[in-house]
Amino acid sequence: MFTAFASTHAWAAPASDALKGLAGEQCAVADLGTRGQFLRCDGAEAGRLLRFAVPAQAAGSSNAEQLALSWAATRPRLAQLAALACKPSVTVDDVLIEPCRNSADGWQQLVVVSIVANKLQVAIGSAAAAPALLALATDRAAPAGLVAQVAKLWPEQPVIGSVRDQEQIKQNWSQGRREMARLAVQPAEASFRQALALRQQLLPNDAAGNAELVMDLALAVALAGRPDEADALMRQAETATAALADPTRVARQAAYRTQLALLKGDSDRAVSESASAVARWRQLHDDSDPSSQASVRNIAGAELAMALNLEATALLKAGDVTSASVRASEALVTIDAAIGTPPWWRGEILATLGEATAGLGRVPAAEKYFQAALKLQQGLFGDGTATMRLWVALARSYQAGGLQANAVITYRRAIAIAAGLPRDRNALSDADLIPFAQAVDAILPTLADPGEGQGLLAELFAAFQLSRAPDLEHSNNQSAARLADQLPALAVLLRRQADNALALADARVRLAGEQTKGADAEDRLPAAALAALAAQVADGQRQSAVIAAEIAGQFPQYAALTKPQQASLDDVRARLAEDEGLIQFLVGRDRSYVLLARRTGLQLIPVGLGDAALSDMVRRLRRGLEIEGGTVNEFDLAASHDLYRQLLGPADLAGIRRLNIIPAGALSGLPFGLLVTAPTQPGRYAEASWLVQRLAVSYAPSLSSFMALRSTQVVRHAPKMMLAVANPSLSGQQSAGSVLARAFAGCRGGGPVDPQLLRSLVALPDTGQEVRDAAAAIGAADATLLMGDDASEPALRNASPGDYRILYFATHGLIPGELQCQNEPGLVLTPPAAPAATEAGDGLLGASEIVSMNLRADLVVLSACNTATPGGGRMGSGALAGLADAFFRAGARSVLASHWQVPSAATGALMRGLFASMGAVRTRSVDDALRDAQLASLRTPRTAHPFFWGAFVVIGDGKTAPLADGGQP
1 MFTAFASTHA WAAPASDALK GLAGEQCAVA DLGTRGQFLR CDGAEAGRLL
51 RFAVPAQAAG SSNAEQLALS WAATRPRLAQ LAALACKPSV TVDDVLIEPC
101 RNSADGWQQL VVVSIVANKL QVAIGSAAAA PALLALATDR AAPAGLVAQV
151 AKLWPEQPVI GSVRDQEQIK QNWSQGRREM ARLAVQPAEA SFRQALALRQ
201 QLLPNDAAGN AELVMDLALA VALAGRPDEA DALMRQAETA TAALADPTRV
251 ARQAAYRTQL ALLKGDSDRA VSESASAVAR WRQLHDDSDP SSQASVRNIA
301 GAELAMALNL EATALLKAGD VTSASVRASE ALVTIDAAIG TPPWWRGEIL
351 ATLGEATAGL GRVPAAEKYF QAALKLQQGL FGDGTATMRL WVALARSYQA
401 GGLQANAVIT YRRAIAIAAG LPRDRNALSD ADLIPFAQAV DAILPTLADP
451 GEGQGLLAEL FAAFQLSRAP DLEHSNNQSA ARLADQLPAL AVLLRRQADN
501 ALALADARVR LAGEQTKGAD AEDRLPAAAL AALAAQVADG QRQSAVIAAE
551 IAGQFPQYAA LTKPQQASLD DVRARLAEDE GLIQFLVGRD RSYVLLARRT
601 GLQLIPVGLG DAALSDMVRR LRRGLEIEGG TVNEFDLAAS HDLYRQLLGP
651 ADLAGIRRLN IIPAGALSGL PFGLLVTAPT QPGRYAEASW LVQRLAVSYA
701 PSLSSFMALR STQVVRHAPK MMLAVANPSL SGQQSAGSVL ARAFAGCRGG
751 GPVDPQLLRS LVALPDTGQE VRDAAAAIGA ADATLLMGDD ASEPALRNAS
801 PGDYRILYFA THGLIPGELQ CQNEPGLVLT PPAAPAATEA GDGLLGASEI
851 VSMNLRADLV VLSACNTATP GGGRMGSGAL AGLADAFFRA GARSVLASHW
901 QVPSAATGAL MRGLFASMGA VRTRSVDDAL RDAQLASLRT PRTAHPFFWG
951 AFVVIGDGKT APLADGGQP
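Numbering (my numbering), first residue to last: 1 to 969.
Hint data in this document are derived by calculation from the structure and do not stem from the laboratory.
Errors might be hidden in some of the hints.
Derived pair list, reagent style DMTMM-like, types lysine to aspartate or glutamate, alpha-carbon separation capped at 25 Å [to be verified]:
1. Lys20 - Glu45
2. Lys20 - Asp93
3. Lys317 - Asp94
4. Lys119 - Asp228
5. Lys317 - Glu330
6. Lys152 - Asp94
7. Lys720 - Asp789
8. Lys87 - Asp42
9. Lys317 - Asp286
10. Lys20 - Asp94
11. Lys720 - Asp336
12. Lys119 - Asp42
13. Lys375 - Asp539
14. Lys170 - Asp320
15. Lys264 - Asp320
16. Lys87 - Asp320
17. Lys152 - Asp165
18. Lys87 - Glu45
19. Lys170 - Glu330
20. Lys152 - Asp246
21. Lys170 - Asp499
22. Lys317 - Asp590
23. Lys317 - Asp287
24. Lys152 - Asp42
25. Lys119 - Asp93
26. Lys264 - Glu45
27. Lys20 - Asp42
28. Lys317 - Asp228
29. Lys87 - Glu65
30. Lys170 - Glu238
31. Lys317 - Asp246
Throw the hints in and build the complete structure from the sequences for me.
What follows is the structure, given as structure tokens:
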């Protein structure tokens with residue numbers, strides 16, 4: 001049944017200026033041969049005209065009946081309409097018009113149908129191109145009055161924006177979803193934010209219309225490891241749509257909540273939310289009128305399939321494999337019945353079905369599902385993150401079936417892909433790598449040849465390097481982004497890279513979509529166009545390699561931040577002395593692994609503790625390092641020994657006097673020197689067998705950092721001895737954490753910090769004497785000391801910090817850690833009297849500013865820094881590593897930093913002891929000098945508690961000897 005407009009319009013003859021959009025942009029057509037035309041407005045794709053023969057059953061009818069019968073017979077054949085939710089048609093002057101919305105992005109779409117020269121002409125496209133679509137379908141210029149009426153067919157939201165604006169939003173949104181499908185989280189988030197910013201600019205009061213885009217952004221943020229921010233975005237979207245009685249929105253929100261719950265590891269919540277989403281989509285699908293609302297039914301069917309897949313995933317996480325298999329099987333049948341769905345949806349369902357089938361012990365069947373999914377994903381995205389994760393899932397299925405050798409072979413495929421990806425695209429977590437370590441651990445005892453076992457361990461060693469450290473990666477990404485802002489030539493290359501990636505991803509998806517269509521499909525591209533699309537994909541792949549090579553060649557510093565080079569085991573061994581060891585960790589949900597590298601070989605140590613158990617143990621130890629009621633809590637010596645026994649007890653540490661540690665997870669928040677190697681009576685701190693008494697310990701943010709430092713030798717020392725920044729002009733009573741929360745509550749946003757916020761930090765008057773004592777201990781009478789008003793960013797730069805061996809910062813450190821927006825860490829200097837115009841003089845020396853310095857420092861001391869995250873988190877952990885890594889990128893060799901604030905008297909004593917040790921023996925290394933100072937504190941009963949001596953750690957190359965002529969002992 002059709003509703004008719006009143007026919008009061010005078011149709012004009014075709015005119016060249018009829019092909020325009022509502023905003024007046026010029027449109028043009030490209031022929032598809034006898035089947036129709038493409039419409040582009042202002043260079044953006046705006047729609048398509050398709051031509052069909054009038055069905056025989058419509059012959060002899062009136063014009064209106066002929067149009068109605070022809071459209072009813074033709075409409076079900078159009079795959080494009082499957083993605084649209086349309087209202088009932090209206091007719092005017094033998095022209096049929098359907099107002100629709102795109103189910104993916106909510107933009108208004110227009111369908112115009114007319115019979116011209118005994119051909120049914122169907123124009124489908126953006127409502128913003130209404131004049132051009134009307135002209136295409138009718139071969140006449142549409143009257144202005146009709147165009148105005150058409151624009152009002154969406155009373156809840158009039159058509160706003162040009163075709164170009166809408167296409168830009170659509171491209172960014174679609175690109176974000178494609179990036180999410182291949183698990184490229186950082187570019188996905190950027191695309192979603194760009195789409196949201198433009199949509200909010202066009203529709204500032206349409207919070208409800210933006211809700212789904214906001215939920216997509218929430219998923220990207222959650223996958224990036226920022227769950228609190230994701231929850232806030234989700235609440236924003238739900239609040240905006242709370243008053244709308246729209247069952248599709250409610251169903252979609254349940255699906256989004258499921259995904260967030262899965263990312264948080266809350267399987268019970270995920271099962272509940274996914275069941276709700278399935279029930280709602282099933283009702284929408286079953287209640288749809290199959291005749292007049294076939295597209296709505298199709299959309300609901302596709303969404304139902306993905307909701308079923310989500311429920312299957314949630315059930316797998318909850319351990320209900322049988323139910324998961326049933327839901328995944330139904331999802332596959334349902335998605336195959338839907339038309340016009342994103343091709344990767346089927347791949348996701350096949351992967352879930354593979355996992356469920358493997359869980360039931362049917363490994364050969366699971367293998368077939370995974371291989372089908374891999375074929376789809378590789379065709380769409382190449383060897384990217386999504387493909388890598390499918391190989392991981394297949395390896396796990398082999399493992400579940402006891403096929404350890406097959407599992408190792410398959411893990412190799414995944415790891416090879418991961419090794420070629422930028423760090424922000426590499427979604428391999430410890431949880432993914434733990435099963436590989438399990439497989440290696442299971443195979444090692446069966447190998448008769450020790451050399452073969454060491455070769456397998458070498459592969460595991462390489463895999464350890466791929467484990468993600470989100471805090472460190474974020475600090476590096478922030479620094480990389482700011483570096484790009486400072487270098488116009490780099491920004492141009494990155495823009496080329498992003499544009500090429502966008503075009504390549506779009507071409508891949510379009511090609512895959514065309515290849516899934518039948519040869520006789522009405523809307524299938526001609527063979528020549530298909531060949532051109534395939535050539536575009538191949539060219540995009542070539543361009544991607546060319547641009548990456550240009551960036552690496554012209555801007556190696558940026559490349560090092562975004563894609564650090566993997567180190568081979570042979571290279572690592574060559575950089576370890578006979579008395580050195582290097583330890584890496586993999587921390588899983590219920591188990592962990594330690595990998596000890598020595599010149600003589602590798603040792604794999606299984607640990608029966610997962611992340612939660614390790615976090616509990618570290619928190620228990622950290623409570624003994626806090627002050628309550630004016631006194632320091634008792635440190636749990638028994639717990640410290642228990643942790644040592646499980647982590648390092650089985651390790652072959654004989655002959656090792658220097659241990660280099662690359663910490664992970666909760667272990668990043670604990671200095672290993674305060675582990676106790678033998679049982680000790682409670683409270684007997686001076687008598688305890690501390691690890692620091694046995695060997696010197698230093699840390700590296702990553703293996704790539706360790707290798708970079710060990711691969712460069714100091715040929716010529718910096719000409720000056722020491723530059724210190726201490727006691728900046730601060731006058732408040734605020735802790736660094738509270739100021740940090742205020743400074744970054746709304747994100748720094750790339751601008752300078754408010755000087756009042758920094759000035760409100762508590763003053764540090766004792767730090768002046770601390771740096772004077774340190775300079776005296778090493779005989780640096782000519783040391784440059786910047787204090788008070790002189791402790792500013794401009795003064796620091798004017799002092800040429802690249803000319804000094806030792807840089808000493810006795811000031812507050814701001815390390816956001818897990819706060820909203822994950823801003824980069826920085827050091828507080830004297831803020832300016834008035835707000836600074838740029839970050840270069842705002843009083844906060846950020847990590848990206850540090851990276852851009854050209855340093856030659858053997859040692860950077862961060863002595864009074866508050867490196868703990870507000871609220872007693874992991875004491876900076878990866879964020880502290882990010883700050884240290886910034887100094888390494890700038891050229892420093894070692895950083896001395898603290899895990900918690902120590903009273904100024906104890907800090908001063910420890911620093912005097914460290915610098916006195918280096919001053920007495922000029923070849924003394926930094927880690928040995930710190931150990932000397934710590935042992936001296938241990939020998940003093942009132943400072944034997946680890947609170948006083950355990951906070952400071954050496955990050956970087958602990959072997960560095962700043963006062964030696966060659967920089968090495």
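For this session: Could you tell me which of the numbered hints above are not met by this structure, giving the numbers in increasing order?
Result: 3, 4, 8, 9, 11, 12, 14, 16, 19, 23, 26 and 31
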